[in-house]
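This is what each chain is made of:
Number of protein chains: 2
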Amino acid sequence: MRTLTTLLFPGFELLDVFGPLEMFGLLQDEFKLVMAAEEAGPVPSRQGPATEIDVSFYELAEVDILLVPGGMGTRREVDNARLIGQLSAISETCRQVLSVCTGSALLAKAGILDGRKATTNKMAFHWVEEQGPKVLWQRQARWVEDGKFFTSSGISAGIDMSLAVIAHLHGEERAEEVARIAEYEWHREAGWDPFAKVHGLV
Amino acid sequence: MRTLTTLLFPGFELLDVFGPLEMFGLLQDEFKLVMAAEEAGPVPSRQGPATEIDVSFYELAEVDILLVPGGMGTRREVDNARLIGQLSAISETCRQVLSVCTGSALLAKAGILDGRKATTNKMAFHWVEEQGPKVLWQRQARWVEDGKFFTSSGISAGIDMSLAVIAHLHGEERAEEVARIAEYEWHREAGWDPFAKVHGLV
Numbered sequence: 006m007r008t009l010t011t012l013l014f015p016g017f018e019l020l021d022v023f024g025p026l027e028m029f030g031l032l033q034d035e036f037k038l039v040m041a042a043e044e045a046g047p048v049p050s051r052q053g054p055a056t057e058i059d060v061s062f063y064e065l066a067e068v069d070i071l072l073v074p075g076g077m078g079t080r081r082e083v084d085n086a087r088l089i090g091q092l093s094a095i096s097e098t099c100r101q102v103l104s105v106c107t108g109s110a111l112l113a114k115a116g117i118l119d120g121r122k123a124t125t126n127k128m129a130f131h132w133v134e135e136q137g138p139k140v141l142w143q144r145q146a147r148w149v150e151d152g153k154f155f156t157s158s159g160i161s162a163g164i165d166m167s168l169a170v171i172a173h174l175h176g177e178e179r180a181e182e183v184a185r186i187a188e189y190e191w192h193r194e195a196g197w198d199p200f201a202k203v204h205g206l207v
Numbered sequence: 006m007r008t009l010t011t012l013l014f015p016g017f018e019l020l021d022v023f024g025p026l027e028m029f030g031l032l033q034d035e036f037k038l039v040m041a042a043e044e045a046g047p048v049p050s051r052q053g054p055a056t057e058i059d060v061s062f063y064e065l066a067e068v069d070i071l072l073v074p075g076g077m078g079t080r081r082e083v084d085n086a087r088l089i090g091q092l093s094a095i096s097e098t099c100r101q102v103l104s105v106c107t108g109s110a111l112l113a114k115a116g117i118l119d120g121r122k123a124t125t126n127k128m129a130f131h132w133v134e135e136q137g138p139k140v141l142w143q144r145q146a147r148w149v150e151d152g153k154f155f156t157s158s159g160i161s162a163g164i165d166m167s168l169a170v171i172a173h174l175h176g177e178e179r180a181e182e183v184a185r186i187a188e189y190e191w192h193r194e195a196g197w198d199p200f201a202k203v204h205g206l207v
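Heads up: the sequence lines are chains U and C, in that order.
Just remember that our numbering sits 5 ahead of the position in the first sequence, which is counted from 1.
Just remember that our numbering sits 5 ahead of the position in the second sequence, which is counted from 1.
Isolated chain U (complex conformation):
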């Protein structure tokens, strides 16, 4: 059983969080879902609906997998030195670090993607690039795997990446089973990314 901890902050994007948690959550015997944030109490999403948290982001016992979503809240959190510092510390010790959408801006700001390949939301690409000039940003990719880091494109791309992480940890067949249960057509090629063109990046 692995602990999958999601970092929430005000203005997180709903599907960035709950697309992945749906997929991991379908394997209840494999992943324990933990919701963390800076402060206690419900955390409002960018769209409004608020999620309860289980634990302070500064008092995490053990993190096997860390999930960092995006959303408008990242515009503020890139300047939150305490949060960025803790992100850096946790990333050192955990097995996998996942980001969806502009969540990679927070990882980039923490410096932990320096010299690594990563991707992000295709509409916010240039802003995210600025948060980590030493990151090897990939313009066309549904998601990018580099060492223990999995970074995905915008919003819905987190679902495809999560299935890739499940395949990485538990085999392709298990990931396909999860996709079937969710009645989801998995884009299993990390290079599948029509939105890079749609949003003028290639």
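If you're looking for bench data, these hints aren't it; they were derived computationally from the structure.
Wrong hints could be hidden among the right ones.
Pairs involving identical chains hold if they fit within one copy or between any two copies, as the list cannot separate such chains.
[Unchecked claim] Derived SDA-like pairs (lysine to any residue); straight-line CA-CA distance at most 25 Å: (1) K202 - A172; (2) K37 - A55; (3) K139 - E44; (4) K122 - R185; (5) K37 - P15; (6) K202 - E182; (7) K202 - E181; (8) K202 - G46; (9) K202 - R179.
Bear in mind the structure is a predicted one, so any value in this text is a computation, not a measurement.
Go by the hints and put chain C onto chain U.
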């Protein structure tokens, strides 16, 4: 501005709720998202993470669009006479009623789908059918539109249906724009449903 009210109950399926709310939530000027449940306080999903509610399901002021998700909690709620009664009353007055996955079991139990075409989760199809023998259940459909009712297949299908509802209300172009922002490949054909075969229904 339309009010989109989501009915939550313990054991709701995460993506059934937040897939649609991501899509509607991207049109912040068009839809006001309201979370309702029987009781105050956070409502735990089937996967664990809990969502705050805004209002009691029995004290709703105005509902333009009602969203009813599925999840294991529906197995209990089909026998909740008070909830089913209120569902029936609200469905009478609101403009659109949407269900995702086994959410249609609750609508079926309320009798409001009798004589109408509807669909549901492809793995739980037979159980849902039993909740409404007079419903014209469609085995192969990503979603079904019949009058003001939009019912979708399992879990991820709610995203495609929501885009169809947006297209219905605001035009195809607006729905395409939302899909592009979410970097989502919309299955825009209501008849697209490979999962009916995968799960042995056709």
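Here's how the hints hold up against the structure:
Taking the closest pair of Cα atoms, K202 and A172 come within 25 Å of each other only across two copies (23 Å); inside a single copy the shortest separation is 27 Å, beyond that limit. Taking identical chains as interchangeable, the C-alpha atoms of K37 and A55 lie at most 25 Å apart whether they share a chain (20 Å) or sit on different chains (14 Å). Proximity of K139 and E44 under a CA criterion of 25 Å is satisfied in neither setting, with 31 Å inside one chain copy and 50 Å between copies. Proximity of K122 to R185 under the C-alpha cut-off of 25 Å is restricted to the inter-copy arrangement: shortest distance 24 Å between copies versus 30 Å within a copy.
For a Cα distance limit of 25 Å, the shortest separation of K37 from P15 qualifies both inside one copy, at 23 Å, and across copies, at 18 Å. Taking the shortest alpha-carbon separations for K202 and E182, only the inter-copy value of 14 Å comes in at or below 25 Å, while the best intra-copy value is 31 Å. For the homomeric pair K202 and E181, the shortest alpha-carbon distance between copies (15 Å) is at most 25 Å, but the shortest distance inside one copy (28 Å) is not. With identical chains, the CA atoms of K202 and G46 are never at most 25 Å apart, being 40 Å at best within one copy and 44 Å at best between copies.
Taking identical chains as interchangeable, the C-alpha atoms of K202 and R179 lie at most 25 Å apart only when they sit on different chains, with a minimum of 19 Å there against 31 Å within one chain.
Comparing the model with each earlier hint shows violations of hints 3 and 8; every other hint is respected.
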